[in-house]
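J.: Residue numbers (my numbering), protein chains in the order written: chain E, 48 to 163; chain U, 702 to 815.
Among the clues, some could well be false.
What the hints assert, rightly or not - Computed cross-link-like contacts, DSS-like style, restricted to lysine-lysine with a CA-CA straight-line distance of at most 27 Å:
no., chain 1, residue 1, chain 2, residue 2
1, E, Lys-116, E, Lys-155
2, E, Lys-105, E, Lys-116
3, E, Lys-96, E, Lys-155
4, U, Lys-714, E, Lys-105
5, E, Lys-96, U, Lys-714
6, E, Lys-116, E, Lys-96
None of these hints come from the bench; they were simulated from the model.
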Amino acid sequence: AQSVTQLDSQVPVFEEAPVELRCNYSSSVSVYLFWYVQYPNQGLQLLLKYLSGSTLVKGINGFEAEFNKSQTSFHLRKPSVHISDTAEYFCAVSVGSGGSNYKLTFGKGTLLTVNP
Amino acid sequence: DAGVTQSPTHLIKTRGQQVTLRCSPKSGHDTVSWYQQALGQGPQFIFQYYEEEERQRGNFPDRFSGHQFPNYSSELNVNALLLGDSALYLCASSRRLRSSYEQYFGPGTRLTVT
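Modelling step: build the complete structure from the supplied sequences, incorporating the hints.
T.: So this is what it looks like as structure tokens:
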């Protein structure tokens, strides 16, 4: 079975500073990797995904992530954060084939707080 | 284009009662998945419905059951509610044969069991 570990439960940063949210996964087979964001009292919104190909994935709102198979990691980065990036971020993994026939396994989340 | 919608937004129930939550998928989507998100935790997969049948199930007891209708909308039923069932219940929809692997989430239903 697959699992996801988000190494930091909370990450405080100042506005315009860079940020990295760490995610490690474990799986005995090939995986697909995702980062979702959850703003207060809302559902989840997909930031980016890695399915195959280039290990550097670019997403919405200036976020990017790098898939590292040898280290089983998929860390999320942004070079300069804004106050509006304050939210909970979830890393997720799925194992599946043939389209959307899969379930997502989530980490416990990282609360990113951007301070002025 | 309406996204995934869920009802009700909030719900308060008493231990032992039963509850039904509803989900309408995004237009063009045929697969619905349900997740439970306890406070301070990541979402946990409950089950997935496609073609009106349960296709996958997570580690949840039989008190959790579901249904999918011909219009692809879905219900989640929880019987004999426990205090530990208090959580945000998220519905996600997708297109089964689409290789984008993207699931679209609704805003959730906040269930409080007292």
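J.: Next step is simple, just say for each hint if it's right about the structure.
T.: Hint by hint, here is what the structure shows:
1. Our distance criterion of 27 Å between C-alpha atoms is met by E:Lys-116 and E:Lys-155, whose separation comes to about 21 Å.
2. Under the criterion of a C-alpha separation no larger than 27 Å, the hint pairing E:Lys-105 with E:Lys-116 is consistent with the structure, at around 17 Å.
3. Taken as a hint, the E:Lys-96 and E:Lys-155 pair is honoured in the structure, with Cα atoms around 18 Å apart against an allowance of 27 Å.
4. For the proposed pair U:Lys-714 and E:Lys-105, the alpha carbon gap of about 43 Å is over 27 Å, so the pair is violated.
5. This hinted pair does not check out: E:Lys-96 and U:Lys-714 have alpha carbons roughly 37 Å apart, beyond 27 Å.
6. For a cut-off of 27 Å, the pair hint linking E:Lys-116 to E:Lys-96 stands: about 15 Å separates their Cα positions.
Of the hints listed earlier, those the structure fails to meet are numbers 4, 5, in rising order.
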